[in-house]
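Enquirer: Sequence:
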Amino acid sequence: MSVVSMRKATLLCADSSRNEALARLQELGCLHLIPFRPPAEATEAPAGLDAYRAYRYLIACRERRRQVTDPRLFDRAAVERELLALQERERDLGDEHDFLAKRVEALEPWGDFQYPDEEGIGGQRLWFYIVPLYRLRLLQDRDLIWQIVRRDSRFAYVVVLAAEEPEGMPAPRTHTGSVALSTLRRRLEAIEVDLEDLQARRVSLTKWRHLFARALAEAESQAALVAAHGAAMTTEGLFALQGWIPADRVADLEAFAREHGHALLIEEPLPAEEPPTLLRNPEPVDAGATLVQFYATPGYRAWDPSVAVLVSFAIFFAMILGDAGYAAILGIALAFSWRSLATSATRRRVRNIFTAVVGCSFAYGVAAGNYFGITPPPGSFLGALRLFDGLDQDAMLRVSLWVGTVHIFAANLRTAWHLRGSARAFAALGWCAILVGAAGLWLAYDFGGPWMERRPVAIGVLALGGAGIVLFSSRRTLSWRRLRDWGYRLLDGTLALTGLSNAFGDVMSYMRLFALGLATTAMATTFNDLAMNVRQALPGIGILVAALVLAFGHGLNLLLGVMSGVVHGLRLNFLEFFRWGMDEEGYPFHPFEKKERPTWTS
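Residue numbering for the sequence shown follows my numbering, beginning at 1 and increasing consecutively.
Worth flagging that the hints you see were computed from the coordinates, not collected in a lab.
Worth double-checking, as some hints may not be accurate.
DSS-like mimics (lysine-lysine), calculated; alpha carbons at most 30 Å apart, straight line [what the hints assert, rightly or not]:
1) Lys207 <-> Lys595
2) Lys594 <-> Lys8
3) Lys207 <-> Lys594
4) Lys595 <-> Lys8
Could you build the full structure based on these sequences and the hints that come with them?
Expert: Next comes the structure, spelled out in structure tokens:
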């Protein structure tokens, strides 16, 4: 559970061997290249943007055919052109279909008719109006020729015969167009047939998914090879390549160099150098690295917060959801998708996040005694498992603030451990002391009694923490010969004390756990009461209506709870926790390797 240690590798070989060396290094896949010259500006994607657009359109098709595996039968350019043409044609027909569907819906109240020639009706024209029923009486006194062709519960569909558009009508004019309803319906049916034909052809082309994916991967690998040529240096018949390599892969690179007679230099990173960051954790907790890198990549010399983020995210999500019944529904969804989430490393990490969240949410819901907003009676089995009241506002508010205090305390404590051997570690410990002292004062004023007698101890801890912040927050080097540096260090430390407001605000930010958790429980209870009232008010059919109210209400509440848990659970980690626990941002490790895309052959 750490940032992988890196080494800087420099490879030298004859220029005549450069192509073979790069090809073998790409197969080895352990080097993050360091360009000897500034990289060229990014150009078009390796296989062309159209190729990726065609591939995305192809894989989005839900139906698929058996895959062709013989590459001699595959013409990527032809398949790409056909897919793009299908996509464009489908988009055009879809737009026309939507337009015609709206026109048909608008014309149906008027019926199927064909506009007569103006000469056939004495130079008169037809004008169409959708008049609200309560305004229909305004037409009674008008000297107009008009007819109601349809009436519903709200409107009358009126046709007026006049040479010019009448003024002062009780409703705005409706434009029906000049195409008959039957003509529009025939065209709409033809478009639907064409769309089905296009979809059938798209399904037919899914037989090339495997070969298309492999062709794109080969194009990406070739582009990476070209970029590696650009990152290398050639001089006097020698070819040089430099990159970062994980320390545990150095032996593989050394074996490669010995086998091919290349010169290899392995060096430790210099203090001024910033190697890429590679996070490596056991698979059950590697999902935490996915969460961390979703927001930022820790610096190479920073610590790996993956486990802390995964655990705290699961706890925060559980406190916001706060219901064992909702957690059980999520668990059922997880069980049904368990196998599909095991097909790749990325999906397994997502599954592990889901598992941690569901497990923690269920345990918290049982401890809170909350099942779809219903609290089990005290003498029952589930009632015996209840440890606290999730609706006790004062208690849950205190719990949320304590969670925030402990979370930020842990961030500073881990930072102090990471900076051990450095004077700045005492500044992080100073913030820990500030949090402990503030918590002590809070207990003293909140509970009084014996806690009030310990108030001087809390004040002393606060003072000690403040001194640590003032004396050790500065990054300036300390020299006894330059007393002015002492003044600057004290100034830096004094300015660091302005972070007290940040610490207070960040702890207060954890009140959202209390507020959102209470809202989820309150909404569940409200929907239960509403369903019960409906059932009592409507004998017989009330059971069905109450069931619909419960299904809709709890479904909506579950959706809002999941959204709140994800957004605010991540926010408390990324903003509050990272502010105190991670002050160095790096860049991810990208090995020079052959690209692969998930494919199948059946």
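Enquirer: Each hint: holds or not?
Expert: Going through the hints against the structure:
With a C-alpha separation of about 21 Å, the suggested pairing of lysine 207 with lysine 595 holds against the 30 Å cut-off. Under the criterion of a C-alpha separation no larger than 30 Å, the hint pairing lysine 594 with lysine 8 is consistent with the structure, at around 21 Å. With a C-alpha separation of about 24 Å, the suggested pair lysine 207 and lysine 594 falls inside the 30 Å cut-off, and the hint holds. Note on lysine 595 and lysine 8: the hinted pairing holds, with a Cα-Cα distance of about 23 Å set against a maximum of 30 Å.
In this structure, every one of the numbered hints holds.
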